[in-house]
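If you're matching them up, the sequences are chains P and R in order.
So for the first sequence, the working numbering puts the first residue at 1; every next one is plus one.
So for the second sequence, the working numbering puts the first residue at 1; every next one is plus one.
Hints listed in this document are in silico derivations from the structure and should not be mistaken for laboratory results.
For clarity, every value in this text was computed on a predicted model and none was experimentally measured.
Think of the CB as a built atom: it goes at the ideal place given N, C-alpha and C, for glycine as much as any other residue.
Hints are supplied without guarantee of correctness; some may be wrong.
As the list claims (entries may be wrong) - Computed list of lysine-lysine pairs in PhoX-like fashion (alpha-carbon distance at most 25 Å, straight line):
| id | chain 1 | residue 1 | chain 2 | residue 2 |
| --- | --- | --- | --- | --- |
| 1 | R | Lys174 | P | Lys42 |
| 2 | R | Lys5 | P | Lys32 |
| 3 | R | Lys152 | P | Lys147 |
| 4 | P | Lys112 | R | Lys135 |
| 5 | P | Lys297 | R | Lys152 |
| 6 | R | Lys182 | P | Lys42 |
| 7 | R | Lys174 | P | Lys119 |
| 8 | P | Lys42 | R | Lys164 |
| 9 | R | Lys135 | P | Lys42 |
| 10 | R | Lys182 | R | Lys15 |
| 11 | P | Lys112 | R | Lys174 |
| 12 | R | Lys118 | P | Lys96 |
| 13 | R | Lys164 | P | Lys96 |
| 14 | R | Lys152 | P | Lys168 |
| 15 | R | Lys5 | P | Lys256 |
| 16 | R | Lys5 | P | Lys96 |
| 17 | P | Lys112 | R | Lys152 |
| 18 | R | Lys32 | P | Lys168 |
| 19 | R | Lys8 | P | Lys254 |
| 20 | R | Lys174 | P | Lys98 |
| 21 | P | Lys96 | R | Lys36 |
| 22 | P | Lys98 | R | Lys36 |
| 23 | R | Lys151 | P | Lys42 |
As the list claims (entries may be wrong) - A few chain R residues facing chain P, derived, Cβ under 8 Å:
| id | residue |
| --- | --- |
| 24 | Arg60 |
| 25 | Ser62 |
| 26 | Arg64 |
| 27 | Leu115 |
| 28 | Asn125 |
| 29 | Thr129 |
| 30 | Pro141 |
| 31 | Lys152 |
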Amino acid sequence: MSKNKHQYAFFLGCIAPNRYPGIEAAAIRTSKNVGIDLLPLKGASCCPAPGAFGSIDLNVWYAMAARNVVLAEQMGMDIALVCNGCYKSIWEVNHKLKHNDELRDGVNEVLKEIDMEFKGSVDVWHLAELYYDPEIVGVKKIADSIKRPLTGARIAVHYGCHLMKPGKERHFGDTENPMWIEELVAALGAEPVQYRNKMQCCGAGGGVRGYDLAHALDITNEKMINMRDVGVDAVTEVCPFCQLQFDRGQIEIKEKFGAEYGIPVLHYNELLGLAQGMSPDELALDLHAIDVEPFLKKIL
Amino acid sequence: MAVKKDYKDQKLAEKLRDRKYYIPDSNPEFIKDVEKIGQTAAHMCYQCGTCTGSCPSAPRSSYRIRLFMRKAVLGLEEEILTDPDLWLCTTCYSCTDRCPRNLAPTDAIMAMRNLAFKRDIIPRNFLQTVQLIYKSGHGVPNNDANRAARKKLGLEEEPETTLKYPEYLPGIRKILDHYRLKENADRILAEGE
Chain P
1 MSKNKHQYAF FLGCIAPNRY PGIEAAAIRT SKNVGIDLLP LKGASCCPAP
51 GAFGSIDLNV WYAMAARNVV LAEQMGMDIA LVCNGCYKSI WEVNHKLKHN
101 DELRDGVNEV LKEIDMEFKG SVDVWHLAEL YYDPEIVGVK KIADSIKRPL
151 TGARIAVHYG CHLMKPGKER HFGDTENPMW IEELVAALGA EPVQYRNKMQ
201 CCGAGGGVRG YDLAHALDIT NEKMINMRDV GVDAVTEVCP FCQLQFDRGQ
251 IEIKEKFGAE YGIPVLHYNE LLGLAQGMSP DELALDLHAI DVEPFLKKIL
Chain R
1 MAVKKDYKDQ KLAEKLRDRK YYIPDSNPEF IKDVEKIGQT AAHMCYQCGT
51 CTGSCPSAPR SSYRIRLFMR KAVLGLEEEI LTDPDLWLCT TCYSCTDRCP
101 RNLAPTDAIM AMRNLAFKRD IIPRNFLQTV QLIYKSGHGV PNNDANRAAR
151 KKLGLEEEPE TTLKYPEYLP GIRKILDHYR LKENADRILA EGE
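I would like the entire structure built from these sequences, with the hints used as guidance.
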């Protein structure tokens, strides 16, 4: 682990910087407000996408993810990131290479070709877990950073899959009905709402969104029904790929199945940004496929 | 055995039929390959079905993770690797989370997909991601509308990745070339056109 637990190399991934740049802008500013500096991880690539690359050849996935970790090792800094898919690639490969000599040697043989070596000297964190960790930030400090409480907003939490699962190999505790992100949402003054089958996948992962869109959307649709049934003003998540699946997915669901939900989809960092006083323009909320306006009217 | 299902990709479907993949022979080495690549003791599966019961893809398709686990143990390599359902796992890891044998069915599926790719059996979208990453370092690259939005946010038009520092691309390409991934992706995609 790096010496300074308030400075991290910010691993961007693909969808946050290239589809929802408001997440990137919000992550940097909101983290700063709670004492975390996110520094550029120059030359990082796609994590690479665990579903796509892992399905083709796990060895390539290990080597490509390791290259991103080595960039942070060269900075002498732990990695922080905002996406569950990136977390699976970067955290899990870092973890595997640290504990499996055979795997590490294989990867280092390939990295040698580009004058790199995986040393296993840094750790990888999701920003959400840093926010929740009382030794780093903690729920109280998040609550103290709020200038505009999201009072009255009913918010469903979608945890996604690759942050906490498989639970046996992670460190998040219960994966059947976790409540820690709800605590982070409540800290913003909003009301986290429970709904049926909360831990179900968004449907996009494993390459399924690209392979069989209707199948992926059918899974998404089930989640939308379950959220609508309890009445929510928005859904929040900590994964830009889930965000894309829920946000653009609702448009695609309307086209394919005729069902319409109009539930705004906001990454936790976007929510935190709003609660800390950032304007919708500063979060590029106009890039969202589902109009965020009804939610903004409720909280602004 | 009778072929009941088909890939929507007609070229791939024809290729599989032509090669007579559907033979009844069993390959006892197959489960060993799955276990080595997936790093899970798949043969320990006692077929309780917790995996299929936890699977978001099962209620809306004929994909059955328990069936894949059993077929792998039986060495039914041909059936597994040619089944279009192999690609319906969203890798949500619910089955892995709940498996009472502490197995990782999800990783067994990933291993089977790896083995399918070795025979050029793979849906096109996976290979297109390889091409995108080879080109820009990103599976989801930047575009003009996004560059304009980034500028408005006070961010640089290109993020601090390979997009802003293309000098890092040759290293990425070297890794992909080491495994001949781009070459194989190009070839398989061209064959399917």
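Taking the hints in turn, this is what the structure says about them:
1. R:Lys174 x P:Lys42: holds, 18 Å
2. R:Lys5 x P:Lys32: Outside the cut-off at roughly 54 Å; violated.
3. R:Lys152 x P:Lys147: Status holds; Cα separation ~23 Å.
4. P:Lys112 x R:Lys135: holds, 22 Å
5. P:Lys297 x R:Lys152: Cα-Cα ~23 Å, so holds.
6. R:Lys182 x P:Lys42: holds, 24 Å
7. R:Lys174 x P:Lys119: holds, 20 Å
8. P:Lys42 x R:Lys164: Distance ~8 Å between Lys42 (chain P) and Lys164 (chain R) Cα, so the pair holds.
9. R:Lys135 x P:Lys42: Satisfied, since the Cα-Cα distance of roughly 17 Å is no more than 25 Å.
10. R:Lys182 x R:Lys15: Holds. Lys182 (chain R) to Lys15 (chain R) sits at ~21 Å (cutoff 25 Å).
11. P:Lys112 x R:Lys174: Satisfied, since the Cα-Cα distance of roughly 11 Å is no more than 25 Å.
12. R:Lys118 x P:Lys96: holds, 23 Å
13. R:Lys164 x P:Lys96: violated, 30 Å
14. R:Lys152 x P:Lys168: Given that 25 Å is the threshold and the Cα spacing comes to 43 Å, the pair is violated.
15. R:Lys5 x P:Lys256: holds, 23 Å
16. R:Lys5 x P:Lys96: Violated: Lys5 (chain R) and Lys96 (chain P) sit about 37 Å apart, past 25 Å.
17. P:Lys112 x R:Lys152: violated, 40 Å
18. R:Lys32 x P:Lys168: At roughly 23 Å apart (the allowed maximum being 25 Å), Lys168 (chain P) and Lys32 (chain R) satisfy the hint.
19. R:Lys8 x P:Lys254: Holds. Lys8 (chain R) to Lys254 (chain P) sits at ~23 Å (cutoff 25 Å).
20. R:Lys174 x P:Lys98: Given pair Lys174 (chain R), Lys98 (chain P) holds - Cα atoms ~23 Å apart, limit 25 Å.
21. P:Lys96 x R:Lys36: Roughly 15 Å separates the two Cα atoms, so the pair holds.
22. P:Lys98 x R:Lys36: holds, 19 Å
23. R:Lys151 x P:Lys42: Roughly 19 Å separates the two Cα atoms, so the pair holds.
24. Arg60: holds, 5 Å
25. Ser62: For Ser62 (chain R), the interface hint is violated, since the closest Cβ of chain P sits about 11 Å away, which is over 8 Å.
26. Arg64: Given a least distance of 14 Å, the restraint on Arg64 (chain R) is violated.
27. Leu115: Violated, about 10 Å.
28. Asn125: Since the shortest Cβ distance to chain P is 3 Å, the answer is holds.
29. Thr129: Holds, about 4 Å.
30. Pro141: holds, 6 Å
31. Lys152: holds, 7 Å
Checked against the numbered hints listed earlier, the structure breaks hints 2, 13, 14, 16, 17, 25, 26 and 27; every other hint is satisfied.
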